[in-house]
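J.: Residue numbers (my numbering), protein chains in the order written: chain X, 25 to 383; chain R, 44 to 437.
In short, the hints are calculated from the structure, not lab data.
All values reported here derive from a predicted model rather than from experimental measurement.
A hint or two may mislead.
Taking lysine-lysine pairs in the DSSO-like style, the calculated list, with each CA pair at most 30 Å apart, reads [as the list claims (entries may be wrong)]:
no. : chain 1 : residue 1 : chain 2 : residue 2
1   : X       : Lys-63    : R       : Lys-139
2   : R       : Lys-139   : X       : Lys-197
3   : X       : Lys-211   : R       : Lys-192
4   : R       : Lys-294   : X       : Lys-63
5   : R       : Lys-429   : R       : Lys-192
6   : R       : Lys-294   : R       : Lys-429
7   : R       : Lys-192   : X       : Lys-63
8   : R       : Lys-139   : X       : Lys-211
On the chain X side, residues computed to face chain R include the following (Cβ under 7 Å) [unchecked claim]:
no. : residue
9   : Thr-55
10  : Gly-56
11  : Ser-59
12  : Ser-61
13  : Gly-64
14  : Leu-117
15  : Ser-207
16  : Tyr-284
17  : Ser-285
18  : Arg-330
Yeah, the Cβ is synthetic: ideal placement off N, Cα and C, and Gly gets one too.
Each chain is listed here by its residues.
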Amino acid sequence: MNRISKTTRSNSLTYAGVIAAFIILQIMTGTGSISSSLKGQLVPICAYVVMAISLNLTVGISGELSLGHAGFMSVGAFSGVVAAMSLQQAIPLAPLRLAVSMVVAGIFAGFAGVLVGIPVLRLKGDYLAIVTLAFGEIIKSIVNNLYVGVDGGGLHFAMLKNANSLGLEEGGKVIINGPMGISGITKISTFTAGFVLILFTLFIVFNLVKSRTGRAIMAIRDNRIAAESVGIGVTKYKLIAFVTSAVLAGMAGALFAMNYSTIVASKFDFNTSILILVFVVLGGLGNMWGSIIAATVLTILPEALRSFSDYRMLVYSIVLIIVMLATNNPLIKNFLGDIRNRLFKPKRNKKLEGGGTNE
Amino acid sequence: MKKFLSIALALVLIVGCFAACGTKTEPAATDTGADTGAATTTAAIKIGGTGPLTGGAAIYGNAAKNGAELAVEEINALGGLQFELKYEDDAHDAEKAVNAYNALKDWGMQVSLGSVTSKPCEATSAETFADRIFAITPSASSTSVTDGKDNMFQMCFADPNQGSASAQYIFDKKMGTKVAVIYKNDDVYSMGIYNTFEAKATELGLEIVSATTFTEDSQNDFSVQLTEAKNAGADLIFLPIYYTPASLILKQAKDMGYAPKFFGVDGMDGILSLENFDTSLAEGVMLLTPFNADSTDAKTASFVSKFQEKYGEIPNQFAADAYDCVYAIYQACNNAGVTADMSASDICAKMIEQFTTMSFDGLTGTGMTWDATGAVSKTPKGMVIKDGAYVGLD
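Same shape as in the complex, but just chain X (with noise of 0.2 Å):
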């Protein structure tokens, strides 16, 4: 009983430190007191918010590690803007769009997860990282070769010739055009959409995790063996947390995408997939809040660091570092264990120091 509270307590307290910074942040840019540059990222920080949660999914909850999920991003970015640009007629509403446009994204991006996940996830140990990072380079290489373009008779598509063998209409557009990416995207990304994508994500979650099937997948993770002896099925559990995983991270990638004007397939290369374990591990495997602290103190960190210039990306490293010290080392362990033991469990605590009043 103690610990099913606890969870919960802990999810509120998730729930409500995201609604707050959103108050916050809305409140700054109301009264105009946020810089341009605070501004501009909060759309790419609920994105890698997201992102940083769904391979959390994946690599704390389901523990498997997977280095592709930048691949996902993409798919989901390049759908998400497809169907965004196809149904700029069809539905004018800018925010009803982008929530289309999500769902064709999340859909895609979860049909390439079902895809990678069903040979390999049968597999035992390190294959999953293996092949989702060949995934992340395959879908560079398909995009950089795909073209894609609308006119009066709807989509068309071409690969490895370029954008003149569509035999577009007249009047058509081409959308992706090979390694130039897609141009001229309308701006539709906010950061309330963000934010409510943060909130959804943050909802799917913990009641995957919460769930009966969020206790299956955590009980292979723990100990296969024991998990199968109890009839537990292996492949299905840890598909439903990959797919899912898959799934979110393509609504983040068309938030991404539709914050920008242009984007290109190489952008969600290997590195980006690298960022992104990067937030998840500095956060702490299977904790959700610091994923969401990490993913945005690490997109904001190289741009206050500006003012070192040439040196910045040998400050950040640097400071990656002392964090990941820090963060291990027992003495500030157990200060902020004393922290949170004194933030979260005020009852208990009072019960055995009689009201705090002794050290």
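Fit chain R to the given chain X structure using the hints.
T.: Relative to the frame of chain X, chain R by itself:
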């Protein structure tokens, strides 16, 4: 009590963090701004630009930054209208370019130099358009940079112009009958030129016998592409690529004993100053470029010597384009009577008016004009490499 104290302490820390984030941009801006040499800022017009100062494309970004810096120093030394320049790193990435642009906006940028490379510039041009800040990019040559934006101008040729101009040039001078093309198909610049080259060549009846591609990951070996071109009997190879892979193509062609004519575009400029490159390999290579560092023209000679003195290298066309950008802005500001206390959107309106009507003489061309789309009109110069130097073709 203790609990309250720790909460209060935590809050103070968090607020401290935020405060640090918020105010950091202001004093920091003046710090890095100072390295332009414009320390004595008596109401200078703030010019900002983003470019890849780090990472794989850093040579282009740094060249543009240095060229612009040199121009700003010269202008400030003249007295009169003063400029203050600040370049921010975008690492050749659209997301970081927008971040860099926003940092410049916090700094108080009034005129923008856009971004150095095409994709980041597409992203920042959408921002300058929305914020009504006038922008002229030295080198982002893709057409989608200027597409539909009235306040975005280019100093370099747009990619399509280069492609069709090259095809026209090859056809007019009857340089070859069977043309092979090797291009980089994950690069906007290369693809853009190839597409229009192909279209123009078909129109003119120039025969393309082989068109092969490579990517960022496969630019270490070109034997397959060269063999195909050789087997197809190509007597001219068109290389709409940058000089680093081009140098390898020249070397491998020589090793194969294959000696067609080579024809490049402005990305080929710089091949002679490439380290460890045997310049005899480039003998007879032709290229279309707006800038030639070996020109005897007084303006160019003075630019090259000053640049060499300051940065220790021969300027390439990125530096020359950026240098021209600053001077074009200077000319437009003087004509329109722009002063440093004007708002960015007021300056923007005046600059658009100036740029669409004025004619500008710079290092990369004389009598340059801009049309309403923002594309520049100047004549490309045909060059050929003879005895390790660029010589005019005509």
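J.: Compare the structure with each hint and give your call.
T.: Right, here's what the structure says about each hint:
Note on Lys-63 (chain X) and Lys-139 (chain R): the hinted pairing holds, with a Cα-Cα distance of about 14 Å set against a maximum of 30 Å. Between Lys-139 (chain R) and Lys-197 (chain X) the CA atoms are separated by roughly 27 Å; this keeps the pair inside 30 Å, and the hint holds. Pair hint Lys-211 (chain X) plus Lys-192 (chain R) holds up; C-alpha atoms about 15 Å apart against a cutoff of 30 Å. Between Lys-294 (chain R) and Lys-63 (chain X), the direct Cα distance comes to roughly 50 Å. Violation of the 30 Å bound is thereby established for this hinted pair.
Between Lys-429 (chain R) and Lys-192 (chain R), the direct Cα distance comes to roughly 42 Å. Violation of the 30 Å bound is thereby established for this hinted pair. At roughly 17 Å between alpha-carbon atoms, Lys-294 (chain R) and Lys-429 (chain R) fall within 30 Å of each other, so this suggested pair holds. At most 30 Å may separate the alpha-carbon atoms for a hinted pair to count; Lys-192 (chain R) and Lys-63 (chain X) meet this at roughly 23 Å. For the suggested pair Lys-139 (chain R) and Lys-211 (chain X), the alpha carbons sit about 16 Å apart, so the restraint of at most 30 Å is met.
Violation of the interface hint for Thr-55 (chain X) is found here, the shortest Cβ-Cβ separation to chain R being roughly 13 Å, above the 7 Å cut-off. For Gly-56 (chain X), the shortest C-beta to C-beta distance to chain R is roughly 12 Å, which exceeds 7 Å, and the interface hint is violated. Evaluation of the Ser-59 (chain X) hint against chain R yields a held restraint, the C-beta minimum of about 5 Å falling below 7 Å. Restraint check, Ser-61 (chain X) versus chain R: the minimum CB separation of about 4 Å is within 7 Å; hint holds.
Taking 7 Å as the C-beta cut-off, the interface hint given for Gly-64 (chain X) holds, the closest approach to chain R being about 4 Å. Contact between Leu-117 (chain X) and chain R, as hinted, is not supported at the beta carbon level, the nearest pair being about 20 Å apart and thus beyond 7 Å. The criterion of a C-beta within 7 Å of any C-beta in chain R is met by Ser-207 (chain X), whose closest approach is roughly 4 Å, and the hint holds. Restraint check, Tyr-284 (chain X) versus chain R: the minimum CB separation of about 5 Å is within 7 Å; hint holds.
Residue-level restraint check for Ser-285 (chain X) holds (minimum Cβ-Cβ distance to chain R is 3 Å; threshold 7 Å). Because the smallest distance between the Cβ of Arg-330 (chain X) and any Cβ of chain R comes to about 6 Å, under 7 Å, the interface hint for this residue holds.
In summary, the structure is inconsistent with hints 4, 5, 9, 10, 14 from the numbered list given earlier, while agreeing with the others.
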